[in-house]
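So the protein lines, in turn, are chains E and W. So for the first sequence, this note's numbering puts the first residue at -10; every next one is plus one. So for the second sequence, this note's numbering puts the first residue at -10; every next one is plus one.
Note that these hints are calculated values from the structure, not bench results. The structure presented is a predicted model; accordingly, all values stated were derived computationally and were not measured. It is possible that part of the hints are untrue.
Where chains are identical, the list cannot tell them apart; a pair therefore holds if satisfied intra-copy or between any two copies.
What the hints assert, rightly or not - Below, computed lysine to aspartate or glutamate pairings styled on EDC-like, alpha-carbon distance capped at 20 Å:
1) LYS61 x ASP94
2) LYS91 x GLU(-1)
3) LYS45 x GLU34
4) LYS293 x GLU34
5) LYS61 x GLU147
6) LYS254 x GLU133
Below are the chains, spelled out letter by letter.
There are 2 protein chains.
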Amino acid sequence: MCIATMSLSEAYQHCQDQLLEAGLLISSGVPGLYGFSGVFEDVVERFEAAVTRRAKPLKAEVMRFPAILNRKHYLQTTHIENFPDLMGSVHSFTGNEHDHAKLLDKRARGEDWTTSLTPTDVMLTPAACYPLYPTATGTTLTSEGRLVDLRSFVFRHEPSIDPARMQIFRQREFVRMGTAEQALEHREYWLQVGQEVLNSVGLAVQSVVANDPFFGRGGRMMAAAQKEQDLKFELVHAVATSEKPTAITSCNYHLDHFGHAFDFKTPDGKYAHTACIGFGLERIALALFMTHGFDPDHWPSDVKSVLAL
Amino acid sequence: MCIATMSLSEAYQHCQDQLLEAGLLISSGVPGLYGFSGVFEDVVERFEAAVTRRAKPLKAEVMRFPAILNRKHYLQTTHIENFPDLMGSVHSFTGNEHDHAKLLDKRARGEDWTTSLTPTDVMLTPAACYPLYPTATGTTLTSEGRLVDLRSFVFRHEPSIDPARMQIFRQREFVRMGTAEQALEHREYWLQVGQEVLNSVGLAVQSVVANDPFFGRGGRMMAAAQKEQDLKFELVHAVATSEKPTAITSCNYHLDHFGHAFDFKTPDGKYAHTACIGFGLERIALALFMTHGFDPDHWPSDVKSVLAL
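Could you put the whole structure together from the sequences, leaning on the hints where they help?
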């Protein structure tokens, strides 16, 4: 569905136009913020169910967190240092009627009325596993460690015409907390299983070493270190264009970063290591629609069978 | 599970403690913000599935929106006038490296670092139907009007010890857009069906005329008018205490408020009227746990049957 002579931005716009026209995505007027049709949503849910079936023998603890996070917990991470441009800080109005009148006055005069707001106790969640770690604070894991099954909407302030780069989207994650060996084993296991699951729905993903979009000059060093240490792998597939494939799933080893930040340990008294796989559910659905067409009734029969379509 | 001699705040705290101890809710450290266990989440999903089955013959259009909303669309509503204290405005960092250093400096000195942020193009969604109306702007409905099936996390800045008063929670909504008659008929129909569905899972709800928590003195007049015009009904049930039952579902007739604000009309050229039913999914799950006990395996067999447990 992509045309070879297009520039990258033309390819993104063309892809977005197609998805909006087909009604799979619904425009909100803000780049990277969409509604989803019932058909789109159904594919997300069915893919998730396939992942759930695949993970069932692992007996992971299921936990679900909403898309907002305790501001104090946010500040225990290094997100504000490394990804300030992606953050979502939630502000509200806590004044009296007089203050409210002033707020409305500012708005009526076309001034910035948000100066009348105050920061709340919450931030938007940057990644599905962030709310998990604070729940482990002060604990010592058993020798088996923990395996947790998460799903959350997450927020990233990065307005884009690329329909696969949304400001709010769902991550289905499996997180392992334990020793370095357990964390690495988890990442390797899921890198393999993630590929298998995606292959089974007709997505021939490539595995690539990757790095996060750290902010600024210091960030470039962080990114290089992350890449050099082979900490993060992404499973990529064409969405808008095969020239620049999209990461639809990622497998990340965090060393003892979160164990240290949130103080949870292994039985030997060391800070625990963590690793996660995150399936980007909207991106996977987009890859499926762009690969197999906009009508799931006409998808290949083996794909329909895996998705119980 | 509630004790008659407790004050209201004691009852809320006791109920919250029980739910946290049972692991159904997971503390985030912020009042009204919780994670959910797999058991809790499963009940939410199964109740929703029961609603879906009940609504299937109606063939509603399915649309799903994330928990954030175009700021411009937010400002087309009267939320900022009527419920400023409940809003969630999303702010992010859009500066350069120098500005970032200043932000981190403010934080290190214990100053308010959020003054370095700027408002983004989005707000947290106050109600599941808000993102729907802008998608109808400029349209004329058919004589049948439209029936839309929605579900969204919504945000309300109202920190509370009442476990049923969450800051972020899910609403499953059915919205009718059409003539005044169609909107009213929708509300009456769903007031009845909502009661039936809730009764079928063992929740003997009461229907009461209600009003929204409008802000300030002007707000008290708005609330009185809403009540006097019988615009909003709530289905209430005990959660923390039977002394103050909780609204677990509401049926709201908006007159032509949204048709006017977002410019969509009926074939006769008048602004469309709208009405919605909203099932408060977390509150319904809480009512189920507080009524039938914390282990769904031991719930009454007729309830288990409706929930396919």
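Going through the hints against the structure:
For the homomeric pair LYS61 and ASP94, the shortest alpha-carbon distance between copies (17 Å) is at most 20 Å, but the shortest distance inside one copy (33 Å) is not. In this assembly of identical chains, the alpha carbons of LYS91 and GLU(-1) never lie at most 20 Å apart, being 44 Å within a copy and 37 Å across copies at closest. Taking CA atoms no more than 20 Å apart as the test, LYS45 paired with GLU34 passes in both settings, with 16 Å inside one copy and 18 Å between copies. Taking the shortest alpha-carbon separations for LYS293 and GLU34, only the intra-copy value of 13 Å comes in at or below 20 Å, while the best inter-copy value is 23 Å.
In the homo-oligomer, the alpha carbons of LYS61 and GLU147 lie at most 20 Å apart only across protomers (18 Å), although the nearest pairing inside one protomer, at 23 Å, exceeds that limit. Taking the shortest Cα distances, LYS254 and GLU133 sit within 20 Å of each other inside one copy (12 Å), while across copies they are farther apart (61 Å).
In summary, the structure is inconsistent with hint 2 from the numbered list given earlier, while agreeing with all the others.
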